[in-house]
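Going by our numbering, the sequence shown opens with residue 1, and the numbers climb by one from there.
It cannot be assumed that every hint is accurate.
Between beta-carbon pairs, the in silico distance windows are [unchecked claim]:
(1) 35 / 67: 12 to 22 angstroms
(2) 102 / 72: 16 to 26 angstroms
(3) 63 / 95: 31 to 41 angstroms
(4) 59 / 94: 30 to 40 angstroms
(5) 63 / 87: 30 to 40 angstroms
(6) 112 / 58: 16 to 26 angstroms
(7) 97 / 24: 30 to 40 angstroms
(8) 58 / 90: 22 to 32 angstroms
(9) 41 / 62: 33 to 43 angstroms
(10) 113 / 22: 19 to 29 angstroms
(11) 98 / 69: 21 to 31 angstroms
None of these hints come from the bench; they were simulated from the model. From a predicted model like this one, the values you see are computed outputs, not experimental measurements. Think of the CB as a built atom: it goes at the ideal place given N, C-alpha and C, for glycine as much as any other residue.
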Amino acid sequence: MSRNERVPLGTMDTMADGTNVPITVTVRWRPSELQWGLDHTEVHGLGEVLNGRMKAPFEPPPGYVTDDVRETYIIVASEDQMWNAVAEVNEWLAERANGSEPDADGFQKALAFRRRRPDGGDHDDDEPDEP
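Can you make the complete structure from the sequences, with help from the hints?
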(Lines of atoms letter the chains of each structure in order from A and count residues from 1; the text may use other names and numbers.)
(Lines give C-alpha, C1' and ligand atoms only; values in the text may rest on other atoms or scores of the structure.)
Protein backbone atom coordinates (compact mmCIF):
# COMPACT_ATOMS: atom_id res chain seq x y z
CA MET A 1 0.00 0.00 0.00
CA SER A 2 1.50 3.36 -0.98
CA ARG A 3 1.37 6.63 0.92
CA ASN A 4 -1.55 7.79 -1.21
CA GLU A 5 -3.61 4.64 -0.60
CA ARG A 6 -4.27 4.88 3.12
CA VAL A 7 -7.14 2.86 4.50
CA PRO A 8 -10.21 5.13 4.57
CA LEU A 9 -11.60 5.76 8.03
CA GLY A 10 -15.20 4.91 8.81
CA THR A 11 -16.05 2.65 5.86
CA MET A 12 -18.55 -0.15 6.41
CA ASP A 13 -16.08 -2.83 5.25
CA THR A 14 -13.47 -1.94 7.85
CA MET A 15 -16.08 -1.36 10.54
CA ALA A 16 -17.32 -4.94 10.10
CA ASP A 17 -13.95 -6.58 10.81
CA GLY A 18 -12.98 -4.20 13.61
CA THR A 19 -9.54 -3.26 12.28
CA ASN A 20 -10.51 0.35 11.78
CA VAL A 21 -12.19 0.91 15.13
CA PRO A 22 -10.13 3.36 17.21
CA ILE A 23 -8.54 1.82 20.29
CA THR A 24 -6.52 3.29 23.13
CA VAL A 25 -2.87 2.33 22.81
CA THR A 26 0.13 2.98 25.05
CA VAL A 27 3.40 3.73 23.26
CA ARG A 28 6.86 4.46 24.71
CA TRP A 29 9.06 6.90 22.81
CA ARG A 30 12.34 8.62 23.53
CA PRO A 31 11.93 12.41 23.24
CA SER A 32 13.87 12.45 19.94
CA GLU A 33 11.69 9.66 18.48
CA LEU A 34 8.49 11.48 19.36
CA GLN A 35 9.93 14.69 17.92
CA TRP A 36 10.74 12.85 14.68
CA GLY A 37 7.13 11.67 14.54
CA LEU A 38 5.79 15.18 15.13
CA ASP A 39 8.11 16.60 12.46
CA HIS A 40 7.31 13.92 9.84
CA THR A 41 3.53 13.47 9.93
CA GLU A 42 3.50 13.46 6.13
CA VAL A 43 5.46 10.19 6.25
CA HIS A 44 3.31 8.20 8.69
CA GLY A 45 -0.06 9.97 8.58
CA LEU A 46 -0.61 10.07 12.36
CA GLY A 47 -0.56 13.84 12.79
CA GLU A 48 -3.99 14.09 14.43
CA VAL A 49 -3.30 11.00 16.54
CA LEU A 50 -0.02 12.47 17.85
CA ASN A 51 -1.59 15.87 18.49
CA GLY A 52 -4.17 14.14 20.69
CA ARG A 53 -1.61 12.15 22.70
CA MET A 54 -1.60 12.22 26.49
CA LYS A 55 1.33 11.48 28.73
CA ALA A 56 0.59 8.35 30.74
CA PRO A 57 1.61 7.56 34.27
CA PHE A 58 4.25 4.85 34.29
CA GLU A 59 5.20 2.65 37.20
CA PRO A 60 8.43 0.81 36.43
CA PRO A 61 8.37 -2.97 36.88
CA PRO A 62 10.93 -4.64 39.16
CA GLY A 63 14.37 -4.62 37.55
CA TYR A 64 13.48 -1.67 35.32
CA VAL A 65 16.46 0.19 33.85
CA THR A 66 16.29 3.57 35.57
CA ASP A 67 18.34 5.47 32.98
CA ASP A 68 15.75 4.82 30.25
CA VAL A 69 14.60 8.20 28.89
CA ARG A 70 11.52 6.85 27.11
CA GLU A 71 8.18 8.27 28.16
CA THR A 72 4.81 6.58 27.91
CA TYR A 73 2.02 8.17 25.88
CA ILE A 74 -1.58 7.21 25.32
CA ILE A 75 -2.84 7.58 21.75
CA VAL A 76 -6.12 6.65 20.10
CA ALA A 77 -5.78 5.03 16.68
CA SER A 78 -7.13 2.07 14.76
CA GLU A 79 -5.01 -1.00 14.07
CA ASP A 80 -5.12 -0.04 10.38
CA GLN A 81 -3.72 3.42 11.16
CA MET A 82 -0.97 1.93 13.30
CA TRP A 83 0.11 -0.67 10.73
CA ASN A 84 -0.13 1.81 7.85
CA ALA A 85 2.17 4.14 9.79
CA VAL A 86 4.66 1.34 10.50
CA ALA A 87 4.67 0.32 6.81
CA GLU A 88 5.08 3.90 5.59
CA VAL A 89 7.98 4.62 7.96
CA ASN A 90 9.63 1.33 6.94
CA GLU A 91 9.30 2.34 3.29
CA TRP A 92 10.70 5.80 4.08
CA LEU A 93 13.64 4.24 5.96
CA ALA A 94 14.36 1.86 3.07
CA GLU A 95 14.98 4.89 0.85
CA ARG A 96 17.78 6.14 3.15
CA ALA A 97 21.27 4.96 4.02
CA ASN A 98 21.31 2.20 6.64
CA GLY A 99 21.35 3.63 10.15
CA SER A 100 20.92 7.23 9.05
CA GLU A 101 17.60 7.76 10.83
CA PRO A 102 17.64 6.09 14.27
CA ASP A 103 14.81 8.30 15.58
CA ALA A 104 12.53 7.25 12.71
CA ASP A 105 13.42 3.62 13.37
CA GLY A 106 12.65 4.02 17.08
CA PHE A 107 9.38 5.80 16.31
CA GLN A 108 8.09 2.98 14.12
CA LYS A 109 9.40 0.21 16.40
CA ALA A 110 7.49 1.69 19.33
CA LEU A 111 4.31 1.49 17.22
CA ALA A 112 5.03 -2.01 15.95
CA PHE A 113 6.17 -3.51 19.25
CA ARG A 114 3.77 -2.02 21.75
CA ARG A 115 4.08 -3.06 25.38
CA ARG A 116 2.65 -6.43 26.30
CA ARG A 117 1.54 -7.87 29.61
CA PRO A 118 3.78 -10.51 31.22
CA ASP A 119 1.45 -13.26 29.90
CA GLY A 120 1.98 -12.03 26.32
CA GLY A 121 -1.38 -10.33 25.79
CA ASP A 122 -1.84 -6.72 24.77
CA HIS A 123 -1.40 -4.42 27.75
CA ASP A 124 -4.59 -2.65 26.68
CA ASP A 125 -6.71 -5.80 27.12
CA ASP A 126 -8.44 -6.39 30.43
CA GLU A 127 -8.57 -10.17 29.98
CA PRO A 128 -5.52 -12.44 29.65
CA ASP A 129 -5.18 -14.42 26.42
CA GLU A 130 -6.47 -17.99 26.57
CA PRO A 131 -3.74 -20.66 26.34
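Each hint, compared with the structure:
{"no.": "1", "hint": "35 / 67: 12 to 22 angstroms", "verdict": "holds, 20 angstroms"}
{"no.": "2", "hint": "102 / 72: 16 to 26 angstroms", "verdict": "holds, 20 angstroms"}
{"no.": "3", "hint": "63 / 95: 31 to 41 angstroms", "verdict": "holds, 38 angstroms"}
{"no.": "4", "hint": "59 / 94: 30 to 40 angstroms", "verdict": "holds, 37 angstroms"}
{"no.": "5", "hint": "63 / 87: 30 to 40 angstroms", "verdict": "holds, 33 angstroms"}
{"no.": "6", "hint": "112 / 58: 16 to 26 angstroms", "verdict": "holds, 20 angstroms"}
{"no.": "7", "hint": "97 / 24: 30 to 40 angstroms", "verdict": "holds, 36 angstroms"}
{"no.": "8", "hint": "58 / 90: 22 to 32 angstroms", "verdict": "holds, 27 angstroms"}
{"no.": "9", "hint": "41 / 62: 33 to 43 angstroms", "verdict": "holds, 37 angstroms"}
{"no.": "10", "hint": "113 / 22: 19 to 29 angstroms", "verdict": "holds, 20 angstroms"}
{"no.": "11", "hint": "98 / 69: 21 to 31 angstroms", "verdict": "holds, 24 angstroms"}
The structure meets every hint from the earlier list without exception.
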